[in-house]
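Now for the letters of each chain:
2 protein chains.
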Amino acid sequence: MKNIKSYLQEHQERFLNELVELLKIPSISADSAYKNDVLKTAEAVKISLEKAGCDHVEICKTEGYPIVYGEKIIDKNLPTILVYGHYDVQPADPLELWTSPPFEPVIKKTDSHPQGAIFARGACDDKGQMYMHVKALEFMTKTNQLPCNVKFMIEGEEEVGSVNLSKFVKSNQEKLKNDIILISDTGMIANDVPSITTGLRGLSYVEVEVTGPNRDLHSGLYGGAVANPINVLTKMIASLHDENNHITIPGFYDKVENLTQEERAEMAKAPFSLENYKKALDIESVYGEAGYTTNERNSIRPTLDVNGIWGGYIGEGAKTVIASKAHAKISMRLVPHQDWEEITKLFAKHFESIAPKGVKVKVTPHHGGQGYVTPIDNIGYQAASMAYEATFGKKPIPQRSGGSIPIVALFEQELKSKTILMGFGLDSDAIHSPNEHFGVFNFYKGIETIPYFYKYYAELSK
Amino acid sequence: MKNIKSYLQEHQERFLNELVELLKIPSISADSAYKNDVLKTAEAVKISLEKAGCDHVEICKTEGYPIVYGEKIIDKNLPTILVYGHYDVQPADPLELWTSPPFEPVIKKTDSHPQGAIFARGACDDKGQMYMHVKALEFMTKTNQLPCNVKFMIEGEEEVGSVNLSKFVKSNQEKLKNDIILISDTGMIANDVPSITTGLRGLSYVEVEVTGPNRDLHSGLYGGAVANPINVLTKMIASLHDENNHITIPGFYDKVENLTQEERAEMAKAPFSLENYKKALDIESVYGEAGYTTNERNSIRPTLDVNGIWGGYIGEGAKTVIASKAHAKISMRLVPHQDWEEITKLFAKHFESIAPKGVKVKVTPHHGGQGYVTPIDNIGYQAASMAYEATFGKKPIPQRSGGSIPIVALFEQELKSKTILMGFGLDSDAIHSPNEHFGVFNFYKGIETIPYFYKYYAELSK
Numbered sequence: 001m002k003n004i005k006s007y008l009q010e011h012q013e014r015f016l017n018e019l020v021e022l023l024k025i026p027s028i029s030a031d032s033a034y035k036n037d038v039l040k041t042a043e044a045v046k047i048s049l050e051k052a053g054c055d056h057v058e059i060c061k062t063e064g065y066p067i068v069y070g071e072k073i074i075d076k077n078l079p080t081i082l083v084y085g086h087y088d089v090q091p092a093d094p095l096e097l098w099t100s101p102p103f104e105p106v107i108k109k110t111d112s113h114p115q116g117a118i119f120a121r122g123a124c125d126d127k128g129q130m131y132m133h134v135k136a137l138e139f140m141t142k143t144n145q146l147p148c149n150v151k152f153m154i155e156g157e158e159e160v161g162s163v164n165l166s167k168f169v170k171s172n173q174e175k176l177k178n179d180i181i182l183i184s185d186t187g188m189i190a191n192d193v194p195s196i197t198t199g200l201r202g203l204s205y206v207e208v209e210v211t212g213p214n215r216d217l218h219s220g221l222y223g224g225a226v227a228n229p230i231n232v233l234t235k236m237i238a239s240l241h242d243e244n245n246h247i248t249i250p251g252f253y254d255k256v257e258n259l260t261q262e263e264r265a266e267m268a269k270a271p272f273s274l275e276n277y278k279k280a281l282d283i284e285s286v287y288g289e290a291g292y293t294t295n296e297r298n299s300i301r302p303t304l305d306v307n308g309i310w311g312g313y314i315g316e317g318a319k320t321v322i323a324s325k326a327h328a329k330i331s332m333r334l335v336p337h338q339d340w341e342e343i344t345k346l347f348a349k350h351f352e353s354i355a356p357k358g359v360k361v362k363v364t365p366h367h368g369g370q371g372y373v374t375p376i377d378n379i380g381y382q383a384a385s386m387a388y389e390a391t392f393g394k395k396p397i398p399q400r401s402g403g404s405i406p407i408v409a410l411f412e413q414e415l416k417s418k419t420i421l422m423g424f425g426l427d428s429d430a431i432h433s434p435n436e437h438f439g440v441f442n443f444y445k446g447i448e449t450i451p452y453f454y455k456y457y458a459e460l461s462k
Numbered sequence: 001m002k003n004i005k006s007y008l009q010e011h012q013e014r015f016l017n018e019l020v021e022l023l024k025i026p027s028i029s030a031d032s033a034y035k036n037d038v039l040k041t042a043e044a045v046k047i048s049l050e051k052a053g054c055d056h057v058e059i060c061k062t063e064g065y066p067i068v069y070g071e072k073i074i075d076k077n078l079p080t081i082l083v084y085g086h087y088d089v090q091p092a093d094p095l096e097l098w099t100s101p102p103f104e105p106v107i108k109k110t111d112s113h114p115q116g117a118i119f120a121r122g123a124c125d126d127k128g129q130m131y132m133h134v135k136a137l138e139f140m141t142k143t144n145q146l147p148c149n150v151k152f153m154i155e156g157e158e159e160v161g162s163v164n165l166s167k168f169v170k171s172n173q174e175k176l177k178n179d180i181i182l183i184s185d186t187g188m189i190a191n192d193v194p195s196i197t198t199g200l201r202g203l204s205y206v207e208v209e210v211t212g213p214n215r216d217l218h219s220g221l222y223g224g225a226v227a228n229p230i231n232v233l234t235k236m237i238a239s240l241h242d243e244n245n246h247i248t249i250p251g252f253y254d255k256v257e258n259l260t261q262e263e264r265a266e267m268a269k270a271p272f273s274l275e276n277y278k279k280a281l282d283i284e285s286v287y288g289e290a291g292y293t294t295n296e297r298n299s300i301r302p303t304l305d306v307n308g309i310w311g312g313y314i315g316e317g318a319k320t321v322i323a324s325k326a327h328a329k330i331s332m333r334l335v336p337h338q339d340w341e342e343i344t345k346l347f348a349k350h351f352e353s354i355a356p357k358g359v360k361v362k363v364t365p366h367h368g369g370q371g372y373v374t375p376i377d378n379i380g381y382q383a384a385s386m387a388y389e390a391t392f393g394k395k396p397i398p399q400r401s402g403g404s405i406p407i408v409a410l411f412e413q414e415l416k417s418k419t420i421l422m423g424f425g426l427d428s429d430a431i432h433s434p435n436e437h438f439g440v441f442n443f444y445k446g447i448e449t450i451p452y453f454y455k456y457y458a459e460l461s462k
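Residue numbers (full-length UniProt numbering), protein chains in the order written: chain Z, 1 to 462; chain Y, 1 to 462.
Just to be clear, a hint being listed does not mean it is correct.
For chains that are exact copies, the list does not tell them apart, and a pair is met inside one copy or across any two.
With a straight-line Cα cutoff of 25 angstroms, these simulated BS3-like cross-link-like pairs (lysine-lysine) come out [unchecked claim]: (1) 418 - 395; (2) 345 - 255; (3) 360 - 279; (4) 5 - 445; (5) 278 - 362; (6) 395 - 462; (7) 278 - 360; (8) 40 - 51; (9) 175 - 462.
The set of hints was computed from the structure by calculation and includes no laboratory data.
Put together the whole structure using the sequences plus the hints.
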C-alpha cells in the first residue's frame with residue numbers, strides 16, 4: 001500500500017486521541033445502569049464510520065442495544081469484506097484493583113509494551129481493535145486505495161451473548177452479503193511473533209441457584225440439621241470434575257474433536273515458556289485436565305469454570321447464618337462439534353440430578369455459542385498471512401484460541417462465509433480484568449496491516 | 001411475688017413502648033458504619049438501669065464497644081445475682097426480605113404469636129430479652145420485693161465474639177463477684193411448653209481466602225489451564241464432610257462428649273414434629289450427620305457450616321472471568337469438651353494441607369468460645385424451674401441448645417459461678433434472619449417470671 005507508513009506517521013496522534021475519546025464512554029452492556037453510555041458509544045461509532053469514508057451509515061435498532069452498520073460499495077463486481085466488531089465492554093469491577101480509573105485512559109509502559117500501552121476497559125477488547133479497521137478504511141479512502149467493497153457491522157452486545165445480533169444477521173442476509181468476514185477481537189503470540197487465530201471455542205454460560213430453607217437461619221439452632229445451600233452448592237460444583245479434572249457431566253465429551261498426534265505436535269511448536277507463564281501469573285504450578293499440555297488445555301479441550309459464586313453473609317465481620325439461597329455463574333468452553341445448546345441441556349439435567357433432598361435447584365442459561373475453525377488454505381487466511389508478512393517481516397503462526405466469539409459460527413451458517421481472525425492483542429493485555437490495556441505499537445501495526453489484507457484479498461480473489 | 005400481675009397490667013404499654021424505642025437504634029456491632037448507634041444504645045441502657053432502681057450505673061470503656069454495668073446492693077449477706085445481656089444486634093441484611101424495616105418496630109400477629117410479636121432486628125436477640133430483666137428489677141424495687149443483690153453487665157460485642165468482655169471479666173473479678181449468673185438470650189420449646197437451656201455449643205468462626213493467579217483472568221484464554229480459586233474452594237469445602245456428613249478434619253471428634261443411650265432417650269421426649277419442622281422451613285427433607293436425629297444434630301453434635309461465600313463476578317448478567325481470589329466464612333459449632341482454640345488450629349492445619357498446588361490459602365480465625373453445661377441439681381436451675389412453674393403452671397423441660405454464648409464458659413472459669421439460661425424466645429422468632437420478632441406474650445411472661453427466680457433463689461440459698 002502506498003504511503004501507509006507516512007500517513008500513519010502524520011496522523012498517529014489524532015488516531016490515538018480519537019480512540020481515547022471512545023474509551024472514555026463506559027459502554028458496559030451487562031449492567032443496565034450504563035444504558036445511556038452504551039447508546040452514546042453507538043452514536044460515536046456511527047460518526048467515526050462516516051468520517052472514515054462510508055457512503056452509508058445507520059444505527060440499526062434491535063430489541064437490545066443497536067448495531068452500527070456502515071458500507072462503502074465501490075464496484076458490485078469486486079469482492080466485499082464484512083468487518084465485525086463490538087463497541088460494548090466488560091464490567092470493570094473489581095475497581096479497587098485498577099491502577100488508574102477504567103474509563104480515564106492513560107498511556108503507561110509495560111514489559112510487553114515498551115513503547116507504551118493504552119490502559120482502559122475496552123482498550124483491547126474490542127474498541128481499540130475495532131477502531132483499527134475504521135482508521136484503516138480512512139487511509140484507504142483518503143488515498144484512493146480501497147481495492148474492494150467494505151461493510152461494517154459493529155454491535156453492542158458481544159459481552160452479553162450477541163442475542164440480538166443473531167436475529168439481525170438472520171433477517172438481513174442480503175444487506176450483509178459478503179465474500180469474507182474480518183474480525184480483530186483476538187490476540188497474537190507476541191509483538192515479534194505474529195499469529196492468526198484459526199480456531200475458537202464455543203461457550204455455554206449458565207447461572208445456578210440452590211435454595212434450602214425458606215429463610216436465612218441461625219447456624220447454631222439449625223446448623224447440621226438442615227441442608228446448607230452453600231455447602232450443598234460447593235459439593236455439587238466440586239463433583240463436576242473428577243480427580244483427573246475431567247468433567248463428569250454424562251455425554252459432555254461425546255462430540256469433542258480429538259486432534260491427531262501430528263496436529264498436537266504441530267501445535268507444540270508455538271513458542272511457549274511454562275516458567276514465564278507461571279511467573280506472569282505468580283502461581284507455583286499449573287492445573288488442569290490430565291494428559292494435556294497447558295496450551296492444549298486452553299484451546300483444544302473443553303473446560304468448566306465457575307466465574308462467580310455468592311451466598312450468605314459476605315460483609316465485614318462475622319454472622320452465624322445459614323443462607324436460604326446460594327448462587328453461582330458457571331461457564332463451559334466448548335470445542336468444535338460440541339453443540340452449546342445440547343451441552344447446556346446436559347449440564348442442566350445433570351446438575352438438577354445431583355441435588356440432594358432438602359434443596360431445590362434452578363439452572364438458568366445465560367448465553368452461548370458454537371466453536372469455529374478456519375482452514376488455512378482459505379484465500380482469506382492466505383491474504384491475512386501475506387499482510388502480516390508484509391508488515392511484521394515474518395509469516396504468522398496459525399493458532400487455536402481458547403476464547404469464544406459465538407457469532408462467528410453463526411456467520412458461517414447464515415451468511416455462508418468464513419471469518420478471518422486478525423487479532424493484535426496480547427495475552428498479557430488483561431482483557432476482562434482490571435488494568436486492561438492495548439499496546440500503542442499493536443494499535444498502529446493493526447492499522448498498517450489491515451489495508452494489506454484488503455490488497456492481497458482483492459488480488460487472490462481475481 | 002405480690003402484685004406482679006397488677007403491676008404488669010398497669011405498666012405493660014409503657015414497657016412495650018420503652019422497648020420499641022430501644023429497638024429503633026441500629027446497634028450493629030459487626031459493621032463499623034453503625035458505631036455511633038451502638039454507642040447511643042449503651043447510653044440508653046444506662047439510663048434504663050438508673051430508672052429501674054440501680055444505685056450505681058456506669059459505662060465501662062473497653063478497646064471496643066463499652067459495657068454497661070449497674071448494681072443494687074441491698075445487703076452484703078444476701079446472695080448476688082449477675083444479669084448478663086447484650087445491646088448489640090446482628091446485621092439486618094438481606095434487607096429486601098424484611099416485610100417491615102428492621103429498625104422500625106411494628107407489632108404483627110403470627111401463628112406462634114396470636115397475641116402479636118414485635119418485629120425488629122434485636123427484638124428477641126437480645127434487646128427484648130435483656131430488657132425483661134430491667135423491667136423485672138423495676139417491679140422489685142418499686143414494690144420493695146428485691147430479695148437479694150443484683151448486678152447488671154450488658155455488653156455491645158456479643159454478636160462479634162465478646163473479645164473485650166473477656167478482658168473486662170478477667171480484670172474485674174471483685175466487681176463482678178456473684179453467686180449465680182442469669183441470662184435470657186436463648187429460647188424455649190413453645191409458649192405452652194416452657195423449657196430451660198442446660199447446654200450450649202461452643203463456636204469456632206474462621207474466614208478463608210484462596211488465591212490463584214495474581215489477577216482476574218479471561219476464562220477463555222486461561223480456563224482449564226490454571227487453578228480456578230472458586231472451583232478449588234468448592235472442592236476444599238466439599239471435602240470437609242464425608243458421605244455420612246461426618247466432618248473430615250483429623251482430630252475434630254477426639255474430645256466430643258458422647259451421650260449415653262439414656263440421655264439420648266431423655267432428650268427424645270421433648271415434643272417435636274419433624275413434619276411441622278420441615279413445613280416451617282419449606283424443605284422436602286432434613287439433612288445431616290448419619291446416625292443422629294434432627295434434635296441431636298443441632299444440639300449434642302458438632303457441625304461445620306459455611307456462613308458466607310463469595311468470589312468472581314456476582315453482578316447482573318455474565319462475565320467470563322477467572323477470579324484471582326475466592327473467600328468463605330465458615331463456622332463450627334462445638335460440643336462440651338471440644339476446645340475452640342484447638343479446633344480452630346486443627347481446621348487451619350487441615351484446610352491448608354488440602355490446598356492443591358497452584359493456589360495459596362489463608363485462614364483467619366474470627367472468634368470462638370467453649371461449650372457449656374448446667375447441671376439440673378444446681379439450686380440456680382431449681383429456682384428457675386420453680387419460677388417457670390409459678391407463672392406457666394407447668395415444670396419446664398431441661399434442653400440442650402445448638403446455639404453458642406461463648407462467654408458463659410468464660411464466666412464459670414473466671415467468676416467461678418454457674419449460669420442459668422432463662423430464655424423466652426421461640427425457634428420461629430427468626431433471630432439472625434430477616435423479620436426477627438419477639439412475642440409480646442413472651443416479653444411480659446419473662447418480666448413476670450424473673451422476679452420469682454430471685455425469690456426462690458434467695459430462699460434456696462438460705
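Here's how the hints hold up against the structure:
Proximity of residue 418 and residue 395 under a CA criterion of 25 angstroms is satisfied intra-copy only: 21 angstroms inside one chain copy versus 84 angstroms between copies. In this homomeric assembly, residue 345 and residue 255 come within 25 angstroms of each other (Cα to Cα) only inside a single copy, at 14 angstroms, whereas the closest approach across copies is 47 angstroms. Taking the shortest Cα distances, residue 360 and residue 279 sit within 25 angstroms of each other only across copies (15 angstroms), while inside one copy they are farther apart (42 angstroms). Proximity of residue 5 and residue 445 under a CA criterion of 25 angstroms is satisfied intra-copy only: 10 angstroms inside one chain copy versus 90 angstroms between copies.
For the identical chains of this complex, residue 278 and residue 362 are inter-copy neighbours only, at 20 angstroms across copies versus 37 angstroms inside a copy, given an alpha-carbon limit of 25 angstroms. Taking the closest pair of Cα atoms, residue 395 and residue 462 come within 25 angstroms of each other only inside a single copy of the chain (23 angstroms); across copies the shortest separation is 101 angstroms, beyond that limit. With identical chains, the CA atoms of residue 278 and residue 360 are at most 25 angstroms apart between copies only, with a shortest distance of 14 angstroms across copies and 40 angstroms within one. Proximity of residue 40 and residue 51 under a CA criterion of 25 angstroms is satisfied intra-copy only: 17 angstroms inside one chain copy versus 64 angstroms between copies.
Taking the closest pair of Cα atoms, residue 175 and residue 462 come within 25 angstroms of each other only inside a single copy of the chain (23 angstroms); across copies the shortest separation is 101 angstroms, beyond that limit.
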